[in-house]
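S.K.: Listed here are the chains, written in short residue letters.
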Amino acid sequence: MAHRAQPLSAWPGRVAALAVAALILGTLLAVALRAETGRGLSFADWAALRFTVVQAALSALLSVALAVPVARALARRRFVGRRLLIALLGAPFILPVIVAILGLLQIFGRSGWLSDLLVAAGFQPLQIYGLHGVVLAHVFFNLPLATRLILQAWQEVPAEQYRIAAQLNFSPWTMFRLIEAPLLRRACPGALAVVFAICLSSFAVALTLGGGPRATTLELAIYQAFRFDFDLGRAAMLSGMQLVLTLCAAGLALRLTRGDGFGTGLDRHLRRWDGGSIGARLLDATWIVLAALFLLLPLLAICIAGLPDLARMPASVLSAALTSIAVALGSTVLLLGLALPMAAGVALGRAGPIELAGILGLAASPLVIGTGLFILLRPVADPFALALPVTALVNAVMALPFALRILIPRARAVVHDMSRLALSLDMGHVTFARLVLLPRMRAQIGFAAGLAAALSMGDLGVIALFADAEIATLPLQIFRLMGAYRVQDAAAAALLLLILSMAIFWLLDRGGRYHAEA
Amino acid sequence: MKHLIFAAGLLGATTALAEAPELTVYTYDSFVSDWGPGPQVEAAFEATCGCDLKLVGIEDGAALLARVRLEGDRTDADLVLGLDTNLMKAARDTGLFAPHAVSAEYALPVNWSDDIFVPYDWGYFAFVHSAEITPPANFRALAESDTTIVIQDPRSSTPGLGLLMWVKAAYGDEAPVIWEGLADNIVTVTKGWSEAYGLFLEGEADMVLSYTTSPAYHLIAEDDASKAAAAFDEGHYMQVEVAAKLASSDQAELADQFLAFMVSDAFQEIIPTTNWMYPAITPASGLPDGFETLITPATSLLFSPEDAAALRDLALDEWLTALSR
Numbered sequence: 001m002a003h004r005a006q007p008l009s010a011w012p013g014r015v016a017a018l019a020v021a022a023l024i025l026g027t028l029l030a031v032a033l034r035a036e037t038g039r040g041l042s043f044a045d046w047a048a049l050r051f052t053v054v055q056a057a058l059s060a061l062l063s064v065a066l067a068v069p070v071a072r073a074l075a076r077r078r079f080v081g082r083r084l085l086i087a088l089l090g091a092p093f094i095l096p097v098i099v100a101i102l103g104l105l106q107i108f109g110r111s112g113w114l115s116d117l118l119v120a121a122g123f124q125p126l127q128i129y130g131l132h133g134v135v136l137a138h139v140f141f142n143l144p145l146a147t148r149l150i151l152q153a154w155q156e157v158p159a160e161q162y163r164i165a166a167q168l169n170f171s172p173w174t175m176f177r178l179i180e181a182p183l184l185r186r187a188c189p190g191a192l193a194v195v196f197a198i199c200l201s202s203f204a205v206a207l208t209l210g211g212g213p214r215a216t217t218l219e220l221a222i223y224q225a226f227r228f229d230f231d232l233g234r235a236a237m238l239s240g241m242q243l244v245l246t247l248c249a250a251g252l253a254l255r256l257t258r259g260d261g262f263g264t265g266l267d268r269h270l271r272r273w274d275g276g277s278i279g280a281r282l283l284d285a286t287w288i289v290l291a292a293l294f295l296l297l298p299l300l301a302i303c304i305a306g307l308p309d310l311a312r313m314p315a316s317v318l319s320a321a322l323t324s325i326a327v328a329l330g331s332t333v334l335l336l337g338l339a340l341p342m343a344a345g346v347a348l349g350r351a352g353p354i355e356l357a358g359i360l361g362l363a364a365s366p367l368v369i370g371t372g373l374f375i376l377l378r379p380v381a382d383p384f385a386l387a388l389p390v391t392a393l394v395n396a397v398m399a400l401p402f403a404l405r406i407l408i409p410r411a412r413a414v415v416h417d418m419s420r421l422a423l424s425l426d427m428g429h430v431t432f433a434r435l436v437l438l439p440r441m442r443a444q445i446g447f448a449a450g451l452a453a454a455l456s457m458g459d460l461g462v463i464a465l466f467a468d469a470e471i472a473t474l475p476l477q478i479f480r481l482m483g484a485y486r487v488q489d490a491a492a493a494a495l496l497l498l499i500l501s502m503a504i505f506w507l508l509d510r511g512g513r514y515h516a517e518a
Numbered sequence: 001m002k003h004l005i006f007a008a009g010l011l012g013a014t015t016a017l018a019e020a021p022e023l024t025v026y027t028y029d030s031f032v033s034d035w036g037p038g039p040q041v042e043a044a045f046e047a048t049c050g051c052d053l054k055l056v057g058i059e060d061g062a063a064l065l066a067r068v069r070l071e072g073d074r075t076d077a078d079l080v081l082g083l084d085t086n087l088m089k090a091a092r093d094t095g096l097f098a099p100h101a102v103s104a105e106y107a108l109p110v111n112w113s114d115d116i117f118v119p120y121d122w123g124y125f126a127f128v129h130s131a132e133i134t135p136p137a138n139f140r141a142l143a144e145s146d147t148t149i150v151i152q153d154p155r156s157s158t159p160g161l162g163l164l165m166w167v168k169a170a171y172g173d174e175a176p177v178i179w180e181g182l183a184d185n186i187v188t189v190t191k192g193w194s195e196a197y198g199l200f201l202e203g204e205a206d207m208v209l210s211y212t213t214s215p216a217y218h219l220i221a222e223d224d225a226s227k228a229a230a231a232f233d234e235g236h237y238m239q240v241e242v243a244a245k246l247a248s249s250d251q252a253e254l255a256d257q258f259l260a261f262m263v264s265d266a267f268q269e270i271i272p273t274t275n276w277m278y279p280a281i282t283p284a285s286g287l288p289d290g291f292e293t294l295i296t297p298a299t300s301l302l303f304s305p306e307d308a309a310a311l312r313d314l315a316l317d318e319w320l321t322a323l324s325r
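So the protein lines, in turn, are chains A and B.
Mapping of the first sequence onto UniProt numbering: position 431 corresponds to residue 431, and the numbering continues sequentially without gaps.
Mapping of the second sequence onto UniProt numbering: position 83 corresponds to residue 83, and the numbering continues sequentially without gaps.
Because the hints were derived from the structure by calculation, they are not lab data.
Where hints are given, some of them may not hold.
[As the list claims (entries may be wrong)] Covered stretches of chain A (chain B as the covering partner; in silico rule of three or more C-beta atoms under 8 Å from a C-beta of chain B):
{"no.": "1", "stretch": "218-224"}
{"no.": "2", "stretch": "367-378"}
{"no.": "3", "stretch": "484-495"}
Even for Gly, the Cβ is constructed at its ideal location relative to N, Cα and C.
Taking the hints into account, I'd like the entire structure generated from these sequences.
M.R.: Shown next, in the form of C-alpha cells:
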C-alpha cells in the first residue's frame with residue numbers, strides 16, 4: 001500500500017488480528033480434522049441452540065438496560081469511596097462460576113437471606129431455578145461490565161461540553177438529547193454484543209440455575225459431544241455454530257456503533273453542573289444503592305463464608321495464588337501487545353476484520369481451544385510443560401474482546417482529533433504513539449489491563465485440561481479442594497482469589513488513572 | 001562462586017532425575033490434589049521402585065479417557081488410573097490398553113475378573129442427607145415424597161451417569177416412569193459433583209447424589225456426624241474404579257510393578273481417607289474407624305461394561321425426555 005497520510009501504521013494491528021484468528025480457527029480446524037466419527041446435529045442440538053440464544057438475548061438486554069441508569073448515576077456523582085465502589089462492582093465478573101453461584105445462592109437461594117426474610121414475613125421462599133435464575137446470574141456477572149463500558153462512554157465526553165452545557169443552561173431533556181442519547185447510541189450496541197456473546201458460551205451457570213436438561217446450551221452440547229460421545233467432528237461443528245452466532249451478533253453491533261466522536265477537548269478536569277436537582281440526586285442514589293446491594297451482598301456472603309479459614313490457608317493454596325498472579329501478569333502483557341495495535345488499526349479505519357478477530361475470543365469454546373492446542377502442540381512440545389504459558393495466552397485472547405471494547409472508542413477519538421495536528425508536525429508513527437496516543441489512552445489501558453489480569457486470575461479454562469500434579473492456579477486449586485470435600489478451605493481460597501483479583505484490577509485500573517480525573 | 005555451586009547442584013539434580021526411569025500415570029484431578037491419595041501414593045511407590053512417578057491430573061474419568069483417545073498410541077502415559085465400569089467398554093475398544101498379570105483377593109461385593117483393568121477402589125452411589133431427616137426408602141418413595149434432590153448431568157459427570165445406570169439397573173423398562181416421578185423432586189442438575197455437593201451444603205436441597213462413603217469424610221476429617229446416606233431397598237449401584245497399562249508404554253515392567261503395588265496394602269491403606277472410597281482389597285489393618293457407621297446396601301447393582309455401554313444412549317434418552325417436559 002502506498003504511503004497514506006496516517007499518523008500510525010495499521011500493520012501491527014493486522015498482524016495481531018491474524019495471529020488471534022489463526023489461534024482460534026486453527027484450533028477449531030485441528031479438532032475437526034482429528035474427527036473420527038460423526039453423527040451430525042440432532043433435534044436436541046437445535047433445542048440447545050434456541051435456548052442458548054434466548055437466554056443470552058434476555059441476559060444482554062436486561063444487563064444493559066440496568067447498566068444505563070447505574071452508569072449515568074455514577075457518571076454524575078462524586079462521593080467518597082466512588083472509585084472503590086466501581087472497582088468492587090467489577091468483582092462478580094472475575095469469579096469462578098461455582099464461587100459466584102454459591103455466593104448468589106446465599107442471597108437468592110432456597111435458604112438464602114432473601115428467602116429467610118420472605119418466609120419470616122409469611123411468604124414462600126424464592127424459587128431461583130429456571131430461565132429467570134439463569135438471567136439473574138448472568139445479570140449479576142455482566143451488569144458490572146456493561147456499567148463500566150457505558151460509564152466509559154460518559155467519561156469520554158470532553159469536560160468542555162459539560163461546561164458549555166452548563167453555560168447554556170441545558171434542561172435535562174436537552175442534555176439527554178444532545179449529549180447522552182448520542183453517547184448511549186454509540187456505547188450500548190457494543191455492550192449488548194459483548195454481554196450477549198459472553199452468555200452464549202455459558203454452561204455451568206445455565207445448567208445449574210436453569211434447573212436441568214431444558215437449560216442445555218451449545219457449550220454443554222460441545223462438552224457432551226467431546227466427553228460423552230468422543231465425537232470430535234460434532235464438537236467442532238457445534239463450536240463452529242457458536243462462532244458464527246457470535247460473529248453475527250458482533251457484526252450487527254459493530255455496524256450500529258459507528259458514529260462521530262464528541263470532538264476534542266483540552267483534557268481539562270471534569271466537572272459536572274447538571275443533575276443537581278433533588279429529584280436527580282435521589283434517583284441516582286437509588287440506582288447506586290440498588291446496584292451495590294445486588295452486586296455486593298453475594299460478595300459479602302462469599303467473604304463471610306471464607307473469612308474464618310483465611311488465615312490458615314494450606315501452603316499449596318498460597319503457591320497456587322502466586323502461580324495465578326504470574327499467569328495473570330503474563331496474560332496482561334500479552335493482551336496489551338495484541339490489543340493496542342489492534343485498537344490503533346481499528347481507529348485508522350477499515351476496522352471490520354480486525355474487530356471481528358477480536359470478538360472471536362468470546363465465541364470460542366475453551367474446551368475446543370484447549371483440545372485443539374493440545375493436538376497442535378503435542379508433536380512439537382510437552383503440553384504439560386507449556387501449561388502456564390498456554391493458559392496466559394488463551395486468557396489474553398479471551399480478554400481481547402473486552403479490551404477492544406474499552407480501547408477502540410478512545411483510540412478512534414484520539415486519532416480523529418489529533419491526526420491532522422500530528423501530520424502537520426510531521427510526527428513519526430512511534431512519536432505519535434508515544435507522545436499523543438498512549439498518554440491519552442492511559443485510563444483505558446489501565447482499565448483494560450486490570451480487567452484482563454482479573455479475568456485471567458479467575459479463569460479455569462485451559463489449565464484444567466493441561467495441569468499435572470505440581471501446577472495449579474488458584475481457581476483449579478479451589479476445585480480440587482471442593483472435590484476433596486474441603487468446602488471450608490475452598491471458601492477461604494475463593495475469598496483469597498476475590499481479594500487478589502480485586503487488588504490486581506484496582507492497582508492496574510488506578511495506575512492508569514494516576515493524576516487523571518475519572 | 002555461589003552461583004557456580006548452585007548451577008552445579010542444579011545440573012547434578014537434573015541428571016539424577018534423568019537417570020531414574022519415569023512412570024507417567026494419567027489420573028483424575030482430585031486424585032493428584034494435596035488432599036487426595038496422590039502425594040502419599042507417589043512417596044510410597046518411589047520408596048520402592050527407584051523411579052520417578054509422575055502423576056498427571058486430567059479433570060475426571062470421562063476427560064481422562066477422552067485424553068487418551070486423543071493421544072492414541074503416541075501417548076506419554078504408561079498407565080491410566082481412574083476409569084470406571086461405565087467407561088471400560090469404550091476404553092477396551094480403543095485397543096490402546098494391555099493385559100495385566102495381577103491376581104488379588106478383591107473385597108468387592110461382586111465377582112471381578114478382567115484381563116486388562118485392575119480395580120483399586122469402589123463405592124456405592126447414594127443420596128446423602130442431613131442426619132436429622134428420615135429419608136425415603138427407595139426411588140418410588142422418593143418420587144412420591146416432596147424430598148428435594150440435586151443430581152449431576154450424566155453428559156458431563158461420572159456420578160450423573162452412575163445415577164442413570166442405577167435407575168436402569170433397578171427398574172429396567174420402568175425407568176422412564178421413575179424419572180417422570182422424580183422430575184418434581186429434582187431441584188436442579190449440575191455439571192459436576194463439586195457443584196452439586198456445594199448446593200446441598202448451602203441448603204438448596206434435602207439430598208444430593210454422592211456416595212455412601214461421603215458421611216465418613218465429615219465424621220473422620222471434620223468430626224461431624226450430621227450427614228448420612230439414605231439406604232435404598234432396591235439396592236445401590238456401584239462404581240468400581242480401575243487402572244490399566246497402555247500397550248504403547250516404554251516402561252511396561254515399571255507399569256506392571258505399579259499395578260502390583262496398587263493392590264498391595266501400602267496403596268490400599270491410603271485410599272479410604274484420601275479418596276473416600278472403599279479399598280478394592282481390605283488391608284491387613286482393616287478399614288479406618290468411622291467406616292463401620294456407614295450403611296451397607298443389601299443389594300449391589302452393577303452392569304457389566306458391555307451392558308452399561310449398550311444401555312447408555314437409551315438411558316440418556318429416557319432421562320432427557322422425562323426431565324425436558
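S.K.: Hint compliance check: list the failing hint numbers for this structure, sorted ascending.
M.R.: No numbers; nothing is violated.
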